[in-house]
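Construct the complete structure from the given sequences, taking the supplied hints into account.
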Amino acid sequence: MEVELKEMLDELESLKGSLPDPPNASIDKLQLHIKRLTDLAKSAPVRRSKLKDMSAEVVDSNPYSRLMALQRMGIVENYERIREYSVAIVGIGGVGSVAAEMLTRCGIGRLLLYDYDKVELANMNRLFFRPEQVGMTKTDAAVQTLQDINPDVVLESYTLNITTVQGFETFMSSLRNKTFRLEKEGSGVDLVLSCVDNYEARMVVNQACNELNQTWMESGVSEDAVSGHIQLLIPGETACFACAPPLVVASGVDERTLKREGVCAASLPTTMGVVAGLLVQNTLKFLLKFGHVSPYLGYNSLKDYFPTMEMRPNPQCSNGACLERQKEYLLAKPARDAAKAKMEAETLSAAEGPLHADNEWNISVVDNSEIDVKAAASSDTLPVGLTRELPSADEYPKLPATGPADMSVDDLEELKKQLEALNAD
Amino acid sequence: MEGWDPNTKSTLTQIPLLTVKAGPRDGGAWTQRLKEEYKAMIAYTQMNKSNDNDWFRISAANPEGTRWTGKCWYVHNLLKYEFDLQFDIPVTYPATAPEIELPQLDGKTQKMYRGGKICLTVHFKPLWAKNCPRFGIAHALCLGLAPWLAAEVPILVDSGMIKHKDDAASSTET
Ligand SMILES: [Zn+2]
Numbered sequence: 001m002e003v004e005l006k007e008m009l010d011e012l013e014s015l016k017g018s019l020p021d022p023p024n025a026s027i028d029k030l031q032l033h034i035k036r037l038t039d040l041a042k043s044a045p046v047r048r049s050k051l052k053d054m055s056a057e058v059v060d061s062n063p064y065s066r067l068m069a070l071q072r073m074g075i076v077e078n079y080e081r082i083r084e085y086s087v088a089i090v091g092i093g094g095v096g097s098v099a100a101e102m103l104t105r106c107g108i109g110r111l112l113l114y115d116y117d118k119v120e121l122a123n124m125n126r127l128f129f130r131p132e133q134v135g136m137t138k139t140d141a142a143v144q145t146l147q148d149i150n151p152d153v154v155l156e157s158y159t160l161n162i163t164t165v166q167g168f169e170t171f172m173s174s175l176r177n178k179t180f181r182l183e184k185e186g187s188g189v190d191l192v193l194s195c196v197d198n199y200e201a202r203m204v205v206n207q208a209c210n211e212l213n214q215t216w217m218e219s220g221v222s223e224d225a226v227s228g229h230i231q232l233l234i235p236g237e238t239a240c241f242a243c244a245p246p247l248v249v250a251s252g253v254d255e256r257t258l259k260r261e262g263v264c265a266a267s268l269p270t271t272m273g274v275v276a277g278l279l280v281q282n283t284l285k286f287l288l289k290f291g292h293v294s295p296y297l298g299y300n301s302l303k304d305y306f307p308t309m310e311m312r313p314n315p316q317c318s319n320g321a322c323l324e325r326q327k328e329y330l331l332a333k334p335a336r337d338a339a340k341a342k343m344e345a346e347t348l349s350a351a352e353g354p355l356h357a358d359n360e361w362n363i364s365v366v367d368n369s370e371i372d373v374k375a376a377a378s379s380d381t382l383p384v385g386l387t388r389e390l391p392s393a394d395e396y397p398k399l400p401a402t403g404p405a406d407m408s409v410d411d412l413e414e415l416k417k418q419l420e421a422l423n424a425d
Numbered sequence: 001m002e003g004w005d006p007n008t009k010s011t012l013t014q015i016p017l018l019t020v021k022a023g024p025r026d027g028g029a030w031t032q033r034l035k036e037e038y039k040a041m042i043a044y045t046q047m048n049k050s051n052d053n054d055w056f057r058i059s060a061a062n063p064e065g066t067r068w069t070g071k072c073w074y075v076h077n078l079l080k081y082e083f084d085l086q087f088d089i090p091v092t093y094p095a096t097a098p099e100i101e102l103p104q105l106d107g108k109t110q111k112m113y114r115g116g117k118i119c120l121t122v123h124f125k126p127l128w129a130k131n132c133p134r135f136g137i138a139h140a141l142c143l144g145l146a147p148w149l150a151a152e153v154p155i156l157v158d159s160g161m162i163k164h165k166d167d168a169a170s171s172t173e174t
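For the record, the sequence lines run as chains A and B.
Everything in the first sequence is counted per UniProt numbering, starting at 1 for the first residue and increasing by one.
Everything in the second sequence is counted per UniProt numbering, starting at 1 for the first residue and increasing by one.
Keep in mind that the hints are not guaranteed to be accurate.
Unchecked claim - Every beta carbon over 12 Å from chain A, so not counted as near; a handful from chain B, in silico:
| hint | residue |
| --- | --- |
| 1 | Pro-6 |
| 2 | Asn-7 |
| 3 | Lys-9 |
| 4 | Val-75 |
| 5 | His-76 |
| 6 | Leu-78 |
| 7 | Lys-80 |
| 8 | Tyr-81 |
| 9 | Glu-82 |
| 10 | Ala-150 |
| 11 | Val-153 |
| 12 | Val-157 |
| 13 | Lys-163 |
| 14 | Asp-167 |
What the hints assert, rightly or not - Computed cross-link-like contacts, DSSO-like style, restricted to lysine-lysine with a CA-CA straight-line distance of at most 27 Å:
| hint | chain 1 | residue 1 | chain 2 | residue 2 |
| --- | --- | --- | --- | --- |
| 15 | A | Lys-416 | B | Lys-49 |
| 16 | A | Lys-340 | A | Lys-327 |
| 17 | B | Lys-80 | B | Lys-108 |
| 18 | B | Lys-21 | B | Lys-125 |
| 19 | B | Lys-21 | A | Lys-417 |
| 20 | A | Lys-178 | A | Lys-52 |
| 21 | B | Lys-49 | A | Lys-417 |
| 22 | B | Lys-125 | A | Lys-118 |
| 23 | B | Lys-71 | A | Lys-416 |
| 24 | A | Lys-52 | A | Lys-285 |
| 25 | A | Lys-184 | A | Lys-285 |
| 26 | B | Lys-117 | A | Lys-416 |
| 27 | B | Lys-130 | B | Lys-21 |
| 28 | A | Lys-416 | B | Lys-21 |
| 29 | A | Lys-118 | B | Lys-117 |
| 30 | A | Lys-417 | B | Lys-71 |
| 31 | A | Lys-285 | A | Lys-342 |
| 32 | A | Lys-50 | A | Lys-178 |
| 33 | B | Lys-111 | A | Lys-118 |
If you are wondering where the hints come from, they were derived from the structure by calculation, not from laboratory data.
Beta carbons: idealized from backbone N, C-alpha and C, even for Gly.
Spelled out as structure tokens, the structure:
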């Protein structure tokens with residue numbers, strides 16, 4: 001296109017020269033238009049090609065130079081490992097889509113995206129999706145944008161509802177699939193990020209991750225859009241999502257004064273962007289092994305308050321798979337201790353000689369992280385600013401197995417017929 | 001049961017409670033649960049009929065009993081407004097309640113999530129969580145859908161978002 005425009009400009013120039021004086025103003029005008037078109041053509045989208053390696057070279061054409069600088073500065077030991085990792089993002093809404101973009105720009109190896117919804121104009125108060133994508137499925141629209149931003153990332157799009165029996169099966173098998181990195185232990189993904197907006201879907205992610213022994217992170221923004229949280233869940237090691245009623249940040253707004261009439265939920269791009277940022281920061285720290293990975297981090301935007309806490313699993317958890325993981329975790333304790341002792345010995349011998357005699361940072365070598373494994377009850381005492389979203393299930397006496405009503409019928413087909421008969425009149 | 005009208009309360013207490021804690025992935029235990037669901041729904045439907053407050057029809061849309069479809073209706077100003085009703089039993093049921101959908105009203109009211117899922121009151125989920133696994137589909141309809149219809153249908157009609165089927169038929173003919 002640029003070549004064509006250049007030729008046109010040249011022809012006009014020679015036409016101008018061949019014409020008798022005075023100079024023709026309309027030709028000047030045409031030349032100006034063509035110059036503007038040429039500029040527009042130059043700024044048209046260009047797709048970069050895939051890169052085989054992450055280069056640390058600092059040139060303006062290298063998309064990874066500033067990320068690889070983390071390694072040069074000693075923040076991250078091996079940044080390029082990010083290309084080996086797979087992250088599944090469940091829910092491509094205000095938080096999930098932004099998290100997906102951040103991970104894409106960081107050069108994550110593979111992203112699996114799950115959502116059943118379509119892009120709507122009502123989503124435009126949030127980041128990421130564009131008006132021209134209205135009507136597309138969120139997963140497809142996300143793939144479209146992310147592929148352009150970074151073609152090195154392997155993207156998989158799953159348009160399904162994970163809470164249904166069928167959707168759940170596809171969800172599970174996609175997480176198990178190891179074709180991206182055959183030698184990987186456990187499931188086919190390194191981390192699952194839950195970016196859904198409701199309790200039901202979170203419980204489903206929890207179920208899948210407990211069954212697969214899959215580490216995951218939970219994120220959420222309150223329905224009044226002014227607070228949020230992220231949470232790390234390691235099956236067997238930390239509380240699962242069903243171990244205790246969900247923990248949320250108290251916005252400080254009195255529930256009774258909160259006007260809910262006529263609306264379901266509010267949302268702000270700011271709160272969602274902050275929560276997505278906290279979530280992906282924690283993800284990067286977890287995957288690339290730097291800094292402290294937060295077990296729970298809350299965000300109260302009205303007070304700019306960030307409560308944190310840790311939660312142990314509940315030995316009476318109602319989730320069967322959680323109990324199995326807890327058992328496995330306890331059984332593996334000797335092996336864990338041995339590995340830890342070996343690592344400590346290695347670091348000590350590598351340091352050569354007596355070090356840290358003055359213990360400048362007051363580092364304690366006594367490990368108290370596994371002392372009170374049964375201290376789940378302590379989760380009743382919450383840090384200031386955190387609250388339980390739902391009550392626990394009541395204890396109730398186990399009724400005899402005769403069934404709830406005094407109807408003697410216990411045949412499913414017969415019961416179906418009874419309901420159909422009632423439905424018929 | 002703070003926050004519920006006395007009518008809903010008294011109806012709820014008459015629906016038989018369930019005992020089996022099982023979801024659609026639990027094989028034989030789910031069949032047992034399904035029997036209890038039917039018993040509770042039969043009792044609730046009978047109760048509605050005898051109280052002259054019949055307001056829904058529902059039946060399983062697949063042999064596993066994991067998807068349900070039917071109709072519900074609400075009478076406003078002596079006119080009956082009827083809607084399709086559908087929901088799936090989630091894999092984490094009964095820890096989480098089914099999300100009831102009225103697809104015909106999708107996009108017509110703020111009190112609805114995408115896909116036509118009704119937006120429940122702040123009182124529903126806590127009560128459901130407290131009563132797991134004793135509440136079933138019948139309880140979800142009584143506590144979730146019935147109050148929603150009572151609150152939203154008058155608003156939808158008065159604001160002109162929905163029309164009675166007789167009016168709608170004549171207006172589409174022209
Ligand atoms: Zn648990």
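Here's how the hints hold up against the structure:
With a cut of 12 Å on Cβ distances, Pro-6 (chain B) stays outside the contact zone with chain A, its closest approach being about 20 Å. Residue-level check passed: Asn-7 (chain B) sits 20 Å from the nearest beta carbon of chain A, beyond 12 Å. Lys-9 (chain B), annotated as away from the interface, keeps every beta carbon of chain A farther than 12 Å; the closest lies near 17 Å. Listed as a non-interface residue, Val-75 (chain B) keeps its Cβ farther than 12 Å from every Cβ of chain A; the least gap is roughly 18 Å.
Distance check on His-76 (chain B): its Cβ is at least 18 Å (rounded) from any Cβ of chain A, clearing the 12 Å threshold; non-interface status holds. Distance check for Leu-78 (chain B) against chain A: the nearest CB is about 22 Å away, which clears 12 Å, and the non-interface claim stands. The claim that Lys-80 (chain B) lies off the interface holds: its Cβ sits roughly 16 Å from the closest Cβ of chain A, which is beyond the 12 Å cut-off. With a least beta-carbon separation of about 19 Å from chain A, Tyr-81 (chain B) lies farther than 12 Å from that chain, consistent with its non-interface assignment.
Against the 12 Å criterion, Glu-82 (chain B) stays outside the reach of chain A, whose nearest CB is about 14 Å from its own CB. Even its closest Cβ contact with chain A, about 14 Å, leaves Ala-150 (chain B) beyond 12 Å, as expected for a residue assigned away from the interface. Residue-level check passed: Val-153 (chain B) sits 15 Å from the nearest beta carbon of chain A, beyond 12 Å. Remark: the non-interface label on Val-157 (chain B) is consistent with the geometry, its nearest Cβ contact in chain A lying 16 Å away (cut-off 12 Å).
The beta carbon of Lys-163 (chain B) sits about 21 Å from the closest Cβ of chain A, which is more than 12 Å, so the claim that it is off the interface holds. Every CB of chain A is more than 12 Å from the CB of Asp-167 (chain B) (nearest about 25 Å), matching its label as outside the interface. About 18 Å separates the Cα atoms of Lys-416 (chain A) and Lys-49 (chain B), which keeps this hinted pair within 27 Å; it holds. Under the criterion of a C-alpha separation no larger than 27 Å, the hint pairing Lys-340 (chain A) with Lys-327 (chain A) is consistent with the structure, at around 20 Å.
Simply put, Lys-80 (chain B) and Lys-108 (chain B) have alpha-carbon atoms about 18 Å apart, close enough for the 27 Å limit, and the pair holds. Between Lys-21 (chain B) and Lys-125 (chain B) the CA atoms are separated by roughly 17 Å; this keeps the pair inside 27 Å, and the hint holds. Using a Cα cut-off of 27 Å, the hinted pair Lys-21 (chain B) and Lys-417 (chain A) holds, with the two alpha carbons roughly 24 Å apart. Proximity of Lys-178 (chain A) to Lys-52 (chain A) is assessed by CA-CA distance (about 21 Å); at most 27 Å being required, the pair is judged to hold.
Note on Lys-49 (chain B) and Lys-417 (chain A): the hinted pairing holds, with a Cα-Cα distance of about 17 Å set against a maximum of 27 Å. For the given pair, Lys-125 (chain B) sits about 26 Å from Lys-118 (chain A) by alpha-carbon distance, which is consistent with the 27 Å threshold. For the hint linking Lys-71 (chain B) to Lys-416 (chain A), the alpha-carbon distance of about 17 Å falls within 27 Å, and the restraint holds. For the given pair, Lys-52 (chain A) sits about 24 Å from Lys-285 (chain A) by alpha-carbon distance, which is consistent with the 27 Å threshold.
At most 27 Å may separate the alpha-carbon atoms for a hinted pair to count; Lys-184 (chain A) and Lys-285 (chain A) meet this at roughly 19 Å. A C-alpha spacing of about 26 Å is found between Lys-117 (chain B) and Lys-416 (chain A), which places the hinted pair at or below 27 Å, so the restraint holds. Simply put, Lys-130 (chain B) and Lys-21 (chain B) have alpha-carbon atoms about 14 Å apart, close enough for the 27 Å limit, and the pair holds. Annotation: proposed proximity of Lys-416 (chain A) to Lys-21 (chain B) holds, straight-line Cα distance about 20 Å (limit 27 Å).
The hinted pair formed by Lys-118 (chain A) and Lys-117 (chain B) meets the criterion: a straight-line CA distance of about 15 Å does not exceed 27 Å. For the given pair, Lys-417 (chain A) sits about 18 Å from Lys-71 (chain B) by alpha-carbon distance, which is consistent with the 27 Å threshold. Taking the CA atoms of Lys-285 (chain A) and Lys-342 (chain A), the gap is near 23 Å; set against the 27 Å cutoff, the hint holds. Distance restraint check for Lys-50 (chain A) and Lys-178 (chain A): the Cα-Cα separation of roughly 22 Å lies within the 27 Å cut-off, and the hinted pair is therefore satisfied.
About 19 Å separates the Cα atoms of Lys-111 (chain B) and Lys-118 (chain A), which keeps this hinted pair within 27 Å; it holds.
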